Amino acid sequence: MNCRRAEDMFIEYLYGELEPEQAASLRAHLDECPACRTRLAELARVRQLVAQVPDAEPSPMAINRVIAHAREEQERSRSIWGFRWVKVLAPLCVAVVIGGLVAYQFRAGLAPRPIVYAPAKEEQRPAVQEPLPAPEPEKKSSPLTARDAGKLSAPAAPRPAPPRVALREKEERAAPPPAAEHPGVFSADQERLKKPPTAEGERVSIASLPPPPTVETAVREAAAPQSAADSASSRPASPEASPPIRGEAPPAALLSAPQRELGRPAVGTARAPVAAAPPQAKAAAREEAMTSSAAGNKPEASAPSLLNSGDRALEAGRHAEAGEAFSQALKLLLPGHPDRPHALLGLARAQEGQKDRSGALQTYGELAKESPTYRDLAEAKMHELSGPEVK
Amino acid sequence: MSRYAAGEEAAFEILLSRYTRPLYSFLRRYLGRADRAEDVFQDVFYEVIRGRKSYRPRHRFAPWLFRIGRNRAVDRLRRNGLREMESLDRAANPREEDGDPRVTAIAAGDPDPETLVQGRELGKALEGALAALPPDQREVLWLKEKSGLSLAEIAEITGVPENTVKSRLRYALEKMRAALAEQGFEP
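Chains as they are written, first to last, in numbering that gives the first Met the number 0: chain G, 0 to 390; chain V, 0 to 186.
Watch out, some of these pointers could steer you wrong.
Covered stretches of chain G, going by a simulated chain V footprint (3 or more residues, C-beta under 8 Å) [unchecked claim]: (1) 0-11; (2) 39-45; (3) 50-64.
Every beta carbon over 12 Å from chain V, so not counted as near; a handful from chain G, in silico [said to hold, decoys possible]: (4) E71; (5) L100; (6) L360; (7) E365.
Hint data in this document are derived by calculation from the structure and do not stem from the laboratory.
Since we're looking at a predicted model, the values are computed, not measured.
Virtual Cβ for every residue (Gly too), placed ideally from N, Cα, C.
Required output: the full structure, derived from the provided sequences and hints.
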């Protein structure tokens, strides 16, 4: 290898990017050529000196702005994604629930409305009435007392519907016992618990099974836009469909609006007296949660404003004011809070501005301990501050 | 960067702490003024934040970051209508401009007063020599020394062949050596 060829390799050799075999041949040349050796040593020394030139660094405000921007973006993308999912999932859920409802109603023969309101056709009647015998044995074997069961079964059997008031009374009386026997168990489940194996056919058992609470709730809610009278008028025409369900909970259409309101939560919870609480209790709980969360957020909400005012004061050179703002922010931000490095940096900077060297040293020390992100920066600052020229 | 691109928020702060100094130093040298360097520095990281989802892990982060940085810096200089390379002291000695004489002490890494004076003088000579380099040579020298990029990556960022990067680096080091020797500092 000649000197010119060797010189071409100097840069890659200095920066460790030379292939091993080329490096070996260059070393062999250097062993024989003192001129190249000296030249390479000089370049290496210059390189070393350049590497020692300290890096410049941006102001903490610039870093804080970048961090704040990153957080904003993260939050924004999170909320955008959440919103997108809600937009996609909400109609999907509604479609699934409605589809399920319709399918269930048709399977269970619980879609009487079109049949009821259709012009009377003789062939339709038996279809609607067929499930009629089914509830009977089931009611007898229901967990209700014999008295209540008898009363309940009475309106179901005869063709003419019982007067509404009487039915409501019976249902109201019928309501408490299951709750007492199995508190906390869904009414429909209670009935299933007590129900003996039935010899009825498949169709009967499906028809007699109360729909799951969600379905019932959805049925009621779907019926809600209709007037109460409308719903009530449809019931006598197909009383056979309702008793297995209605024996558990008061029929929505037969209740006054407030009662309906109160009765609705009873579907999946205990019974009417207990169920009377939920809407108000829920509202109260929600309100309480909101106020408590608002109270809980209060320090969180004020910390960013303190940080902002600290930043502004720092930029304007009002170091005392900035120091005060960052100190207050630090009181609100517990160790580990992502905004603490921001506050510590700001405070240290303010202390530097106030020539409070020991305070700044201490704050940078805290920053170095708490934030790996700013450890380098804090340590460099500590190094600067502890230098002799500061005196 | 892959962790940040995957949504790990803390990873961004790690990136920031790792690359703040090299990137800002490069921009500071390239643009000559602290305010411009700071603006561009923020723009670069804003672009990193915006582009995190399009980041491909097979590419190294540093070259990507410095490419953005260089492009932004070039745009900034174009917008200002000049390729402004400042006068020696102001451009290349940001700490001195800020009125901070400790920089050279740190550079020398020695608190002894006599050595400190020498260190300060050496620091000044170094800054002068750096500032006297042609911009293209200074750019590659600074990128190589401070960013940890390979010669090939620097070639890609600066848009010149790798051999050109090598020759620029060699010329830069030789000119630095000559300038320091003129100031009485024989390397």
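Taking the numbered hints from earlier one at a time, note which ones the structure violates and give those numbers from smallest to largest. Checked against the structure, the only hint that fails is number 4, while the rest are satisfied.
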